[in-house]
Amino acid sequence: MRGLRSFVLCAPLVCLAAPSCTTGGDETTDSSEASGPVSTSGVTITTTGGQGGSESTSPGSSGESTTQATGGASEDSSANSSSGGFKFDVGEETSGGSTTGPDDSMCPCAPNSDLIYVLSDDKQLWTYNPENNLFVLVGALGCPTPNTTFSMGVGRNGYAWVQDTALVGLSSMGDLYRMNVSNPSDCTDPGYTPGANGWNHFGMAFVSASDINPCDSLYGAHWDGGLSGFGEGPGVGKLGVFDEGALQVNTIGPNNYNGAELTGTGDGRLYAFGGVPDAKLIQFDKQTADEIESISFAGFPLTQAFAFAFWGGDFYFFTE
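My numbering applies: residue 1151 is where the sequence shown begins, and numbers increase by one.
Among the clues, some could well be false.
As the list claims (entries may be wrong) - When the alpha-carbon atoms are kept at most 16 Å apart in a straight line, the in silico EDC-like pairs for lysine to aspartate or glutamate are as follows:
{"#": "1", "residue 1": "Lys1436", "residue 2": "Asp1417"}
{"#": "2", "residue 1": "Lys1436", "residue 2": "Asp1361"}
{"#": "3", "residue 1": "Lys1436", "residue 2": "Asp1393"}
What the hints assert, rightly or not - Label-pair distances were calculated between CB atoms; the ranges are:
{"#": "4", "residue 1": "Leu1320", "residue 2": "Asp1361", "range": "40 to 46 Å"}
{"#": "5", "residue 1": "Leu1287", "residue 2": "Gly1449", "range": "21 to 27 Å"}
{"#": "6", "residue 1": "Leu1287", "residue 2": "Val1318", "range": "28 to 34 Å"}
{"#": "7", "residue 1": "Leu1287", "residue 2": "Pro1340", "range": "40 to 46 Å"}
{"#": "8", "residue 1": "Ser1332", "residue 2": "Ala1448", "range": "21 to 27 Å"}
{"#": "9", "residue 1": "Pro1340", "residue 2": "Leu1284", "range": "30 to 36 Å"}
{"#": "10", "residue 1": "Gly1383", "residue 2": "Gly1449", "range": "19 to 25 Å"}
{"#": "11", "residue 1": "Gly1403", "residue 2": "Asn1282", "range": "39 to 45 Å"}
{"#": "12", "residue 1": "Asp1253", "residue 2": "Pro1427", "range": "41 to 47 Å"}
{"#": "13", "residue 1": "Gly1395", "residue 2": "Pro1258", "range": "19 to 25 Å"}
{"#": "14", "residue 1": "Gly1348", "residue 2": "Asp1253", "range": "34 to 40 Å"}
{"#": "15", "residue 1": "Gly1345", "residue 2": "Val1426", "range": "39 to 45 Å"}
{"#": "16", "residue 1": "Pro1258", "residue 2": "Gly1383", "range": "38 to 44 Å"}
{"#": "17", "residue 1": "Gly1292", "residue 2": "Val1426", "range": "32 to 38 Å"}
In short, the hints are calculated from the structure, not lab data. Here the structure is a predicted model, which means the values were calculated and not measured. A virtual CB, placed ideally from N, CA and C, is assigned to each residue, including glycine.
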């Protein structure tokens, strides 16, 4: 969701996602470009000048959403940057090469599902490699929609759910499509009804069930699609999980964020990037939607386009 700003690419990016087969999240940027680490309560915050992004959300002019990410992001209540982004080091490595962790044979990963996937605003699918900070074109999307891409979540099975956005009255709605990330021309309309079960739009991410069960589910953080953009306040948002059979998001419970991006860790924890006026890193209970904890980033707003990812033990945040 969000239309990434163009860097060295020919086309600006709009949203990124990665399955739980990756190093535990959606996307990242090359840490070799980092500088100026700051330590706060055992957490290392690093400003980065790299490029990349994850799934990002942003209401545009006319209530539409574009995906935008402008560099690796790191979290911290004192973090602030006018360009690039921040990386939040949680102090541990949860890479796919770990000798401990869930049994991947329970839900095997499809070929290439350990990569980070990116959508451009001209409807092309790219892969992003956080180790060398390079994007590689996979191909053009075949999704049967003329509308702007809003969000994407990639599962371990090698298929992504892609949401678009279209203005309907004074707000926007998003339709859903199912895409093969190895062959993005294979993108079909499964028959989802925009606004089903009261969900207009949602930032999304596949998250593993637990630290011993890698099988993933698609979680959503609701945005009402209103022209006023994102918001924060008691009960203004909700967390849900997508039912692929019923083609609807089932609400788990309310939360205080109208519009947020989601990502998951390798051990099955669910996090969100949301909040106004200052952005926050929020951990949610996947069963109850209760907010477990949050970190506020003073002076660091979401902006109108943002992205979020967890990879290699770090959270990365991207804003316009």
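Checked hints:
1. The straight-line distance between the Cα atoms of Lys1436 and Asp1417 is roughly 12 Å, inside the 16 Å bound, and the hint therefore holds.
2. About 13 Å separates the Cα atoms of Lys1436 and Asp1361, which keeps this hinted pair within 16 Å; it holds.
3. Our distance criterion of 16 Å between C-alpha atoms is met by Lys1436 and Asp1393, whose separation comes to about 15 Å.
4. Leu1320 and Asp1361 have their C-beta atoms about 44 Å apart, which keeps the hinted 40 to 46 Å range intact.
5. Our hint of 21 to 27 Å for Leu1287 and Gly1449 is violated, since their Cβ atoms are close to 36 Å apart.
6. Checked against the given bound of 28 to 34 Å, the beta carbons of Leu1287 and Val1318, roughly 32 Å apart, stay inside it.
7. The given range of 40 to 46 Å is broken by Leu1287 and Pro1340, whose C-beta atoms sit roughly 26 Å from each other.
8. A hinted range of 21 to 27 Å is violated for the C-beta pair Ser1332 and Ala1448, which are about 42 Å apart.
9. For the hinted restraint 30 to 36 Å between Pro1340 and Leu1284, the CB-CB distance of approximately 32 Å keeps it satisfied.
10. Taking the beta carbon of each, Gly1383 and Gly1449 are about 20 Å apart, inside 19 to 25 Å as hinted.
11. Checking the proposed 39 to 45 Å range against Gly1403 and Asn1282 shows it holds: the Cβ atoms sit about 40 Å from each other.
12. A hinted range of 41 to 47 Å for the beta carbons of Asp1253 and Pro1427 is consistent with their spacing of about 43 Å.
13. Taking 19 to 25 Å as the suggested C-beta distance range, the pair Gly1395 and Pro1258 conforms, at roughly 21 Å.
14. The given range of 34 to 40 Å is respected by Gly1348 and Asp1253, whose C-beta atoms sit roughly 36 Å from each other.
15. Take Gly1345 and Val1426: their Cβ atoms lie about 24 Å apart, and the range 39 to 45 Å is violated.
16. Take Pro1258 and Gly1383: their Cβ atoms lie about 42 Å apart, and the range 38 to 44 Å holds.
17. Checked against the hint of 32 to 38 Å, the C-beta distance between Gly1292 and Val1426 comes to roughly 36 Å, which is consistent with it.
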